[in-house]
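A.B. asks: Here is what each chain is made of, one letter per residue.
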Amino acid sequence: MPEILTAPLTVSFPFTRSLGPVQSAFLTGLRERTVLGVRTRDGRILVPPVEYDPVTAEEIRDLAEVAPTGTVTTWAWNPAPRPGQPLRTPFAWVLVRLDGADTALLHVLDAPGPHAVRTGMRVRIRWAPERTGAITDIGCFEPYDPHEDDGGDGGDGGDGPRTPAPHHGTFDDPVTGIVAPARLDYTYTPGRAQSRHLAALAGRRITGERCPSCSKVHVPPRGACPTCGVAATEQVEVGPRGTVTTFCIVNIKAKGAGIEVPYVYAHIALDGADLALHGRIGGIPYDEVRMGLRVEPVWTADGRHPDHYRPTGEPDAAYDTYKELL
Amino acid sequence: MKPGGAGGARRTAPRDVAIVAFARSDHRGAAEGLSETEMLLPVLHAALEQAGLAPGEADFTCSGSSDYLAGRPFSFTQTLDGVGAWPPVAESHVEADGAWALFEAWVKILTGRADTALVYAHGKPSAGPLRDVLTRQLDPYYVAPLWPDSVSLAALQAQALIDAGHTDEEALAVLARRGGDDAPAGEYVVRPLRAGDCPAVTDGAAAVVLAAADTARRMCARPAWIRGIDHRIEAQALGLRDLTDSPSTRLAAERAGAFRAPVDTAELHAPFTSQEVVLRRALRLDDTVAVNPSGGAHAADPVMATGLIRLGEAAARIHRGASDRALAHATSGPCLQHNLVAVLEGETEGETKGEAR
Chain U
1 MPEILTAPLT VSFPFTRSLG PVQSAFLTGL RERTVLGVRT RDGRILVPPV
51 EYDPVTAEEI RDLAEVAPTG TVTTWAWNPA PRPGQPLRTP FAWVLVRLDG
101 ADTALLHVLD APGPHAVRTG MRVRIRWAPE RTGAITDIGC FEPYDPHEDD
151 GGDGGDGGDG PRTPAPHHGT FDDPVTGIVA PARLDYTYTP GRAQSRHLAA
201 LAGRRITGER CPSCSKVHVP PRGACPTCGV AATEQVEVGP RGTVTTFCIV
251 NIKAKGAGIE VPYVYAHIAL DGADLALHGR IGGIPYDEVR MGLRVEPVWT
301 ADGRHPDHYR PTGEPDAAYD TYKELL
Chain D
1 MKPGGAGGAR RTAPRDVAIV AFARSDHRGA AEGLSETEML LPVLHAALEQ
51 AGLAPGEADF TCSGSSDYLA GRPFSFTQTL DGVGAWPPVA ESHVEADGAW
101 ALFEAWVKIL TGRADTALVY AHGKPSAGPL RDVLTRQLDP YYVAPLWPDS
151 VSLAALQAQA LIDAGHTDEE ALAVLARRGG DDAPAGEYVV RPLRAGDCPA
201 VTDGAAAVVL AAADTARRMC ARPAWIRGID HRIEAQALGL RDLTDSPSTR
251 LAAERAGAFR APVDTAELHA PFTSQEVVLR RALRLDDTVA VNPSGGAHAA
301 DPVMATGLIR LGEAAARIHR GASDRALAHA TSGPCLQHNL VAVLEGETEG
351 ETKGEAR
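So the sequence lines, in the order shown, correspond to chains U and D. Quick note, in the numbering used here, the first sequence goes up one by one and the last residue is 326. Quick note, in the numbering used here, the second sequence goes up one by one and the last residue is 357.
Treat the hints loosely; a few may be bogus.
[As the list claims (entries may be wrong)] What follows is a list of derived Cβ distance ranges for each label pair:
no., chain 1, residue 1, chain 2, residue 2, range
1, U, 4, D, 235, 38 to 46 Å
2, D, 54, U, 324, 20 to 28 Å
3, D, 235, U, 80, 48 to 56 Å
4, D, 180, U, 187, 30 to 38 Å
5, D, 349, U, 7, 54 to 62 Å
6, D, 235, U, 10, 30 to 38 Å
7, U, 7, D, 26, 24 to 32 Å
Hints in this document: simulated from the structure, not taken from any laboratory. Computed from a predicted model, the values in this text were never measured in an experiment. For glycine and all other residues, C-beta sits at the position ideal for the given N, C-alpha and C.
Just chain U, with the same shape it has in the complex (with noise of 0.2 Å):
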């Protein structure tokens, strides 16, 4: 059994988010240090807001101001924060009620331990230095007592209205959208039919597998039969000579690749094999290249696989050989 196969595999993407009229209202309002929220037909005040009645399903569109004041309705600590959240030291994760909110925003608070944090505490918000129209425009909540002097940094913990103002919800060059990224690494498995293959392909040697019901063998193997649902285990060894079943000519030069246009691309049906794998085809003009060419694999110094295929001088198949496979 060779050794398993595993490969680093990072997924990462910036997804650019439009913004609906009440969203962009509150993050462009974050942006300007005024957090909005959104009346209900009922009369609630939903922050942070959304752009429907999550009861009726209406469009809902009165604006209102809240605190940046407000209460924690639960909380938990997180002694080792993980990439991407909003504090590099352990933190609480809390629910915030601002005053003159029905409900609860979801955020931060930087605090000293657990011993300093409680269900019913009085926070305030600790704006980002630097707001550019997102929810991180709020750094973090910080514990807030009314009776302390007021020389934190949040400067201005009491300002907002303690009674929900309505807003215009307007302001200079609006937020209309979002840019989210997103990383996350993972390790990949192939699989223990294509490590066997892998393997075998290091020694110069293509390897297929035989399914046991239809007899089948399969190139590259995935270890099951996919005709008959059951598990391929035989390893057979195909080619390495084969047959171009079928090809395109490639005229457009992929981005980063240093094979010069137009080429061919080719199904080539090894010898032994019940399944056309891929390949490029080199040594032979790309404008004679043709179905039932035989062919064998070329390879490079460092190449785990081979890096491409060329005539072998044999006269061409029949096409009754390969019609199967095409």
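Dock chain D against chain U, hints included.
C.D. replies: What follows is chain D alone, placed relative to chain U:
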């Protein structure tokens, strides 16, 4: 019967549909070196064999999984190698726990478009950072940019339950030890949740076979008849929800008929101990009910298969005569946002076809 065979015959009454076979993998942690297909194949074959079906023979195939766990687009298509998908089979996939694939297959059979269905689910959470991966299902505007991981969100819910007086850390420890003492179950992961309150996340797969009426009786000595299934979802914003309650579970249970008669067994999809507290209350389960005799989602959480396993385990208990009426629950989303409830029954001595309803 092949798809379309019953399509012309409009049925006026719902058909009886049962779970007739169930198999699951028993991995603990990573399924070292196995592709999804390789992990799934033995499970598929075990379920099909119980039902006496060959690969590709079921009228309908439906699977549940998530590309975000695998980190690859259309990752589920590879697993079709394991079901004998050529010549083409009638097939569907949900980007969700397999319990929702079972729901789709149940509807397919109810509407007369199939007599048998293979339902499977698989997940390899070991491939990526699960706690971070799951943040990508959250509100992308207000929540996901903060990367609140799955344990942190469950911990917010747990603290809300403690504040409301529904549980405390000692009671959670008893659940964590499944009836053991109330000593703290490991270190805090995100307080108030300790390591023992969190699920044993594992790679894994599960498969069930559904069949209608007489076909089910031929395939299984004691089919687990699906008397009702319903699923309901709550608002996306955590701050809009009462995290100490699960009104969506209760509503789904009502619609599935769970409260019409007592159940003797409940398989709950509660990865975190604190969520079992919420579900027991929402479903009004008392000490007469065997809750999670399989160990539940807390003992083994092959993400995306965990909910389907609850349905399968409840059905298997009926198959072997250990239960007459069981409730199975599956969940999706943060803090029990989306919930599915099914009621399964076995026919008792003396009951015959048609009288079971």
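A.B. asks: Hint compliance check: list the failing hint numbers for this structure, sorted ascending.
C.D. replies: 3
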